[in-house]
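Q: Turn these sequences into a full structure, and let the hints guide you.
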Amino acid sequence: MAFKKGQSGNPKGRAQGIPDKRMQFHEVKEILNKKGCNPFEVMADMCMNNACEDTIRFQAAKELAQYIAPKLKGVTIDLGDDGKKAFTQIFNI
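When we follow this note's numbering, the leftmost residue of the sequence shown carries the number 376, and every step to the right adds one.
One thing to keep in mind: the hints can contain errors.
[Stated by the list, open to error] In silico BS3-like cross-links for lysine-lysine, where the CA-CA straight-line distance does not exceed 25 Å:
#: 1; residue 1: LYS448; residue 2: LYS404
#: 2; residue 1: LYS448; residue 2: LYS437
#: 3; residue 1: LYS459; residue 2: LYS446
#: 4; residue 1: LYS396; residue 2: LYS409
#: 5; residue 1: LYS387; residue 2: LYS404
[Unchecked claim] If you anchor each label on the Cβ, the simulated ranges turn out as follows:
#: 6; residue 1: VAL417; residue 2: THR463; range: 16 to 26 Å
#: 7; residue 1: LYS387; residue 2: ALA461; range: 29 to 39 Å
#: 8; residue 1: GLY455; residue 2: ASP395; range: 43 to 53 Å
These are calculated hints, taken from the structure and not from any lab test. Being a predicted model, the structure only gives us computed values, none of them experimental. For every residue, glycine included, the Cβ atom is placed at its ideal position computed from N, Cα and C.
A: So, in structure tokens, the structure goes:
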């Protein structure tokens, strides 16, 4: 049975009693809090631990970096004809 345009894949929605992903996230977070485990602290400790292999330390640093400095997306700017003239005058190109 093919999907029809504009129609949901499951018209009845999610079945009752099935938890959504937000609840699963909160459950995992609660378990970590009860255990006193902070994944960011663990990864930061691994980064600073000279006893760990360099590849492990690098991977931990890479994982942490995406929360501190997220990747930037490229932006295209259209200067138009007047903007291009001003740009060349400013930068003497």
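Q: None of the hints should be skipped; say for each whether it holds.
A: A quick look at each hint next to the structure:
1. LYS448 x LYS404: With a Cα-Cα distance of about 30 Å, the restraint between LYS448 and LYS404 is violated, given a limit of 25 Å.
2. LYS448 x LYS437: Given pair LYS448, LYS437 holds - Cα atoms ~18 Å apart, limit 25 Å.
3. LYS459 x LYS446: violated, 28 Å
4. LYS396 x LYS409: holds, 20 Å
5. LYS387 x LYS404: violated, 30 Å
6. VAL417 x THR463: 16 to 26 Å: Violated - the Cβ-Cβ distance for VAL417 and THR463, about 53 Å, lies outside 16 to 26 Å.
7. LYS387 x ALA461: 29 to 39 Å: violated, 59 Å
8. GLY455 x ASP395: 43 to 53 Å: holds, 47 Å
When held up to the earlier numbered hints, the structure conflicts with 1, 3, 5, 6, 7 and fits the remainder.
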